[in-house]
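Student: Could you build all of it, start to finish, from the sequences and the hints given here?
Protein chains: 2
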Amino acid sequence: MKFVIKKEDLYNGIKIVERATSVKALQPVLLNIYIETVGQNSIKLVATDLDMTIVTTVDAQVEEEGKITLPSKTLNEIVSKLNDNLVTFEMAATEPLVHITCKKTKFDIIGISADEFPKECSNVEVDEANCFEIPVKVLTKAVKQAGFAAAAYENSNLLSGIVFSLSENQLEVASTDGNRLARVRESIENDKTNLLIIPARTVNEFAKICSFIDEDNVKIYAETNRIVIKSEKTTTISRLLEGQFPQYNKLIPNESPKEAIVNVSQMISALDRVSVMVNEKTSIAKFEFTENNLNLTADTPDSGKSEENIDIDYTADALTIAFNYKYMLEALKNIDSEEVKIGLNTSLSATVLRPNSEEDFVCLVMPVQIR
Amino acid sequence: MKFVIKKEDLYNGIKIVERATSVKALQPVLLNIYIETVGQNSIKLVATDLDMTIVTTVDAQVEEEGKITLPSKTLNEIVSKLNDNLVTFEMAATEPLVHITCKKTKFDIIGISADEFPKECSNVEVDEANCFEIPVKVLTKAVKQAGFAAAAYENSNLLSGIVFSLSENQLEVASTDGNRLARVRESIENDKTNLLIIPARTVNEFAKICSFIDEDNVKIYAETNRIVIKSEKTTTISRLLEGQFPQYNKLIPNESPKEAIVNVSQMISALDRVSVMVNEKTSIAKFEFTENNLNLTADTPDSGKSEENIDIDYTADALTIAFNYKYMLEALKNIDSEEVKIGLNTSLSATVLRPNSEEDFVCLVMPVQIR
Chain P
15 MKFVIKKEDL YNGIKIVERA TSVKALQPVL LNIYIETVGQ NSIKLVATDL
65 DMTIVTTVDA QVEEEGKITL PSKTLNEIVS KLNDNLVTFE MAATEPLVHI
115 TCKKTKFDII GISADEFPKE CSNVEVDEAN CFEIPVKVLT KAVKQAGFAA
165 AAYENSNLLS GIVFSLSENQ LEVASTDGNR LARVRESIEN DKTNLLIIPA
215 RTVNEFAKIC SFIDEDNVKI YAETNRIVIK SEKTTTISRL LEGQFPQYNK
265 LIPNESPKEA IVNVSQMISA LDRVSVMVNE KTSIAKFEFT ENNLNLTADT
315 PDSGKSEENI DIDYTADALT IAFNYKYMLE ALKNIDSEEV KIGLNTSLSA
365 TVLRPNSEED FVCLVMPVQI R
Chain X
15 MKFVIKKEDL YNGIKIVERA TSVKALQPVL LNIYIETVGQ NSIKLVATDL
65 DMTIVTTVDA QVEEEGKITL PSKTLNEIVS KLNDNLVTFE MAATEPLVHI
115 TCKKTKFDII GISADEFPKE CSNVEVDEAN CFEIPVKVLT KAVKQAGFAA
165 AAYENSNLLS GIVFSLSENQ LEVASTDGNR LARVRESIEN DKTNLLIIPA
215 RTVNEFAKIC SFIDEDNVKI YAETNRIVIK SEKTTTISRL LEGQFPQYNK
265 LIPNESPKEA IVNVSQMISA LDRVSVMVNE KTSIAKFEFT ENNLNLTADT
315 PDSGKSEENI DIDYTADALT IAFNYKYMLE ALKNIDSEEV KIGLNTSLSA
365 TVLRPNSEED FVCLVMPVQI R
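Chains as they are written, first to last, in my numbering: chain P, 15 to 385; chain X, 15 to 385.
Mixed in with the good hints, there may be bad ones.
Remember, identical chains collapse to one label, so a pair may be satisfied in a single copy or spanning two.
[Claimed, not checked] Computed list of lysine to any residue pairs in SDA-like fashion (alpha-carbon distance at most 25 Å, straight line):
(1) K21 <-> T311
(2) K300 <-> V278
(3) K158 <-> A236
(4) K206 <-> N239
(5) K120 <-> E302
(6) K87 <-> N171
(7) K206 <-> N55
(8) K118 <-> D331
(9) K264 <-> L362
(10) K355 <-> R199
(11) K206 <-> S181
(12) K347 <-> S94
(13) K233 <-> S94
(14) K21 <-> T314
(15) K247 <-> G80
(16) K247 <-> S36
Bear in mind the hints are in silico, worked out from the structure with no lab data behind them.
Tutor: Pasting the structure below:
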């Protein structure tokens with residue numbers, strides 16, 4: 015194996031695939047990046063933790079074909095510190111040793127044979143029939159807006175996944191951890207119906223990778239037990255979660271008996287200030303809606319109290335309701351509009367937040383019972 | 015107690031004094047900031063961990079005199095989140111409760127009575143006779159350059175202090191942890207002789223405070239067991255370390271049998287790259303000086319090797335010497351000159367680094383013995 019590559023191209027490629035590198039070293043080879051020459055003018059980089067795999071192709075001048083795996087952390091550290099020049103990778107006579115040279119800088123790295131890398135990860139085949147195309151911007155915005163409510167706990171739980179529900183010309187993305195729920199609907203060109211539950215980790219890592227992908231669209235291949243997201247040079251593969259996801263659409267009320275219209279940034283900064291005195295054990299802030307006024311309060315015994323008042327649009331009967339302020343803040347931060355419509359019912363009913371705009375986005379936050 | 019203060023002035027004051035707030039709560043009051051009205055137009059903020067005390071004066075419109083201590087962390091959090099307006103502090107009828115209001119934002123904070131705050135800290139008197147003046151810039155530069163070599167370990171050890179040695183028209187600042195040493199000499203107007211060993215923590219915190227101090231000079235009062243550093247509005251008081259500091263000046267050779275002249279930024283980036291393959295247990299990098307070339311190498315068994323070559327000015331006999339690369343890097347980063355003169359003798363002698371300029375700065379790094 016011997017190839018010459020631009021430092022910047024290589025660094026960009028490593029940044030993309032290293033997100034899939036295993037953190038727990040079940041097998042040492044999963045801590046490594048798989049490197050293989052492809053024809054005369056490119057190399058392939060692959061990393062996987064077996065749940066998620068990322069493959070990317072990088073331009074390089076191949077002088078001798080071959081493959082190897084090298085430790086991701088060391089490789090990243092070396093390449094990040096190299097000057098902006100051409101870098102040569104060459105297999106030593108005593109494989110799996112690789113010489114890396116860049117002008118007067120030389121490294122010898124000991125790798126692990128490419129044969130030990132899982133074959134199904136280094137070679138990804140897809141069925142072109144089973145695919146739809148989506149603009150990168152639409153996908154990343156939907157994921158950011160509606161993916162935050164997924165449960166943080168372990169991988170196997172369905173609620174730790176993000177739902178992608180496809181119907182004619184529509185993509186619906188949703189997540190819920192039981193305390194709150196987020197759902198967004200985007201128009202796309204599509205004629206298939208499908209419901210995929212993708213681990214939140216894969217989706218979030220993919221959204222981060224998108225900042226390195228200089229392309230307008232990605233193709234998504236939904237297969238029986240995995241999803242493949244493909245741009246021209248980069249492919250992300252993830253397992254799917256299997257099971258019956260809660261019927262979340264039934265939980266979202268279409269209309270609310272009481273409605274407040276509130277300036278989003280005012281409410282975020284007021285809630286942020288009130289939170290200083292929130293009891294750390296409960297995270298509860300109290301919301302008191304009265305005529306055109308929202309009163310926010312929090313208190314911690316032995317420490318003190320906080321209080322804010324905001325001018326709002328509200329003419330219904332007065333209502334006092336309490337929330338975990340963190341859930342409310344996160345919901346508000348995902349409202350991409352100057353004003354939010356807050357739909358209320360009783361102090362124990364799920365509260366609905368929608369942007370005061372045409373956008374089809376909705377957040378549900380469950381209140382907390384207080385005495 | 016009642017006063018009105020600009021949010022920004024208050025925030026700046028808190029930022030200055032909070033550096034002295036105790037982290038370990040031996041006494042709860044040491045986690046608090048002492049606040050006292052001073053006349054009609056200012057308040058005084060004080061914080062201390064008993065080793066170091068910081069006092070600062072902030073403009074405010076005093077409506078009713080008084081004093082209190084309030085929790086530093088909560089106060090900082092509240093003030094940082096307030097809008098840029100006037101803030102009112104008012105003692106409640108039920109002391110030690112304080113009302114803080116800023117437009118539609120209200121806080122009630124429970125403090126601790128000012129009587130519990132150490133009296134010697136809230137009221138600092140100095141002897142004007144025992145003082146010298148120094149430009150803030152000179153002091154902070156000297157401390158940054160020659161203070162980094164102090165030992166990191168516990169407070170009571172002399173080597174964890176930074177030496178300030180005063181003689182006629184000269185300030186010498188030095189530190190050493192036994193493995194390396196840094197010394198800088200600056201011209202100042204002074205006619206006293208004195209040797210002060212100041213805990214490195216105080217000195218470093220003071221250097222950080224200087225970015226908030228908008229004044230050219232500070233006065234330094236050297237007393238028997240404490241040092242007072244005073245600008246117009248801010249006073250920092252620290253205990254001094256007592257004992258016989260090593261005679262470090264005797265360790266610094268005036269001339270070296272072998273000398274290399276090396277570009278500083280080239281050497282820093284080469285050493286930084288080589289360090290990727292340094293054995294984490296030893297941190298050893300090997301330096302090989304031959305005619306006009308410096309060869310840097312490191313290796314870790316099972317992981318690999320690194321090598322760099324730099325063009326240097328060197329005509330003496332070849333010499334191989336090894337260092338903890340971290341000590342060498344830190345020394346180089348404090349050389350404020352394009353080139354460094356490296357004075358060498360044998361592979362076991364202390365190596366001397368000086369800027370290739372007029373500046374009176376010197377670093378000593380002890381080599382490591384290798385087989």
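Student: With identical chains treated as interchangeable, where does the CA-CA distance between K87 and N171 reach 25 Å or less: within a copy, between copies, both, or neither?
Tutor: neither (30 Å within a copy, 38 Å between copies)
Student: Between the shortest in-copy and the shortest cross-copy C-alpha distance, which are at most 25 Å for K206 and S181: within, between, both, or neither?
Tutor: So K206 and S181 pass the 25 Å test inside one copy only (6 Å; across, 85 Å).
Student: Between K355 and R199, at a C-alpha cutoff of 25 Å, which is it: within one copy, between copies, both, or neither?
Tutor: This pair counts as within: shortest intra-copy Cα distance 17 Å, inter-copy 66 Å.
Student: Could you place K247 and S36 in one of the four classes (within, between, both, neither) given a Cα distance threshold of 25 Å?
Tutor: within (22 Å within a copy, 54 Å between copies)
Student: Between the shortest in-copy and the shortest cross-copy C-alpha distance, which are at most 25 Å for K206 and N55: within, between, both, or neither?
Tutor: neither (37 Å within a copy, 73 Å between copies)
Student: Is it within, between, both or neither when you check K264 against L362 at 25 Å Cα-Cα?
Tutor: So K264 and L362 pass the 25 Å test inside one copy only (17 Å; across, 78 Å).
Student: One pair to classify: K120 and E302, alpha carbons no more than 25 Å apart. Within, between, both, or neither?
Tutor: So K120 and E302 pass the 25 Å test across copies only (15 Å; inside, 67 Å).
Student: Give the relationship of K300 and V278 under a CA distance limit of 25 Å: within one copy only, between copies only, both, or neither.
Tutor: Within. Shortest intra-copy distance 17 Å satisfies the 25 Å Cα cut-off; inter-copy 59 Å does not.
Student: How would you label the pair K158, A236 (within, between, both, or neither) given a Cα cut-off of 25 Å?
Tutor: Cα proximity of K158 and A236: one copy only (21 Å, versus 58 Å across).
Student: Using 25 Å as the alpha carbon limit, work out where K21 and T314 are close: within a copy, between copies, both or neither.
Tutor: between (54 Å within a copy, 24 Å between copies)
Student: With 25 Å as the alpha-carbon cut-off, assign the pair K247 and G80 to within, between, both or neither.
Tutor: The answer is within: 20 Å in one copy meets 25 Å, while 69 Å across copies does not.
Student: Have a look at K21 and T311 and pick one of within, between, both or neither, based on CA distance no larger than 25 Å.
Tutor: Between copies only: 22 Å across chains, 54 Å inside a chain, cut-off 25 Å.
Violation of the numbered hints given earlier is confined to hints 6, 7 and 13; the remaining hints are satisfied by the structure.
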